[in-house]
Amino acid sequence: MGNLGAQKAKRNDTPISTKKDIMGDKTVRVRADLHHIIKIETAKNGGNVKEVMDQALEEYIRKYLSDKL
1 MGNLGAQKAK
11 RNDTPISTKK
21 DIMGDKTVRV
31 RADLHHIIKI
41 ETAKNGGNVK
51 EVMDQALEEY
61 IRKYLSDKL
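Residue numbers (the numbering used here): 1 to 69.
A couple of the hints might just be wrong.
As the list claims (entries may be wrong) - Estimated spans, in silico, between C-beta atoms of each pair:
(1) Val49 <-> Arg29: 19 to 27 Å
(2) Lys68 <-> Gly46: 20 to 28 Å
(3) Asp67 <-> Ala43: 27 to 35 Å
(4) Asp67 <-> Asn45: 17 to 25 Å
(5) Asp67 <-> Leu34: 33 to 41 Å
(6) Arg62 <-> Ala32: 13 to 21 Å
(7) Gly46 <-> Asp67: 12 to 20 Å
(8) Ile38 <-> Ser66: 30 to 38 Å
Said to hold, decoys possible - Subject to a maximum C-alpha distance of 30 Å in a straight line, what follows is the list of computed DSSO-like cross-link-like pairs (lysine-lysine):
(9) Lys63 <-> Lys39
(10) Lys50 <-> Lys63
(11) Lys68 <-> Lys50
(12) Lys68 <-> Lys39
(13) Lys44 <-> Lys63
(14) Lys39 <-> Lys50
I should point out that these hints are in silico values taken from the structure, not numbers from a laboratory. From the three backbone atoms N, C-alpha and C, an ideal C-beta is built for every residue, glycine too.
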């Protein structure tokens, strides 16, 4: 087994529970969704990351959290 194979085997030995984010699965999913939206929209509008991040966050809050505010 090469070095890469050994590293992969070591990662696979780690229990899933220790790999989870401290804040939980929902936080990880929200971050992943926002990251995906930001990457796509930034590419579309010429690369203004801050503007895209602000817009994506506002849209996400309206869509998923409006009933909790």
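Hints and how they fare:
1. Taking the beta carbon of each, Val49 and Arg29 are about 21 Å apart, inside 19 to 27 Å as hinted.
2. For the pair Lys68 and Gly46, the beta carbons lie near 33 Å from each other, so the given range of 20 to 28 Å is not met.
3. Our hint of 27 to 35 Å for Asp67 and Ala43 holds, since their Cβ atoms are close to 31 Å apart.
4. Between Asp67 and Asn45, the C-beta spacing of about 29 Å breaks the proposed range 17 to 25 Å.
5. With their beta carbons about 19 Å apart, Asp67 and Leu34 fall outside the hinted range of 33 to 41 Å.
6. The beta-carbon spacing between Arg62 and Ala32, approximately 19 Å, falls within the hinted interval of 13 to 21 Å.
7. Distance hint check for Gly46 and Asp67: the Cβ-Cβ separation is about 34 Å, which falls outside the suggested range of 12 to 20 Å.
8. Separation of Ile38 from Ser66 is about 20 Å and departs from the stated range, judged on CB atoms against 30 to 38 Å.
9. Distance hint between Lys63 and Lys39 is fulfilled; the C-alpha atoms sit about 19 Å from each other, no more than 30 Å.
10. Restraint check for Lys50 and Lys63: satisfied, since their Cα atoms lie roughly 20 Å apart, inside the 30 Å limit.
11. For the hint linking Lys68 to Lys50, the alpha-carbon distance of about 25 Å falls within 30 Å, and the restraint holds.
12. A distance of roughly 27 Å separates the Cα atoms of Lys68 and Lys39; the hinted pair therefore holds under the 30 Å criterion.
13. Taking the CA atoms of Lys44 and Lys63, the gap is about 21 Å. The hint holds against a cut of 30 Å.
14. With a C-alpha separation of about 11 Å, the suggested pairing of Lys39 with Lys50 holds against the 30 Å cut-off.
In this structure, the hints that do not hold are numbers 2, 4, 5, 7, 8, in rising order.
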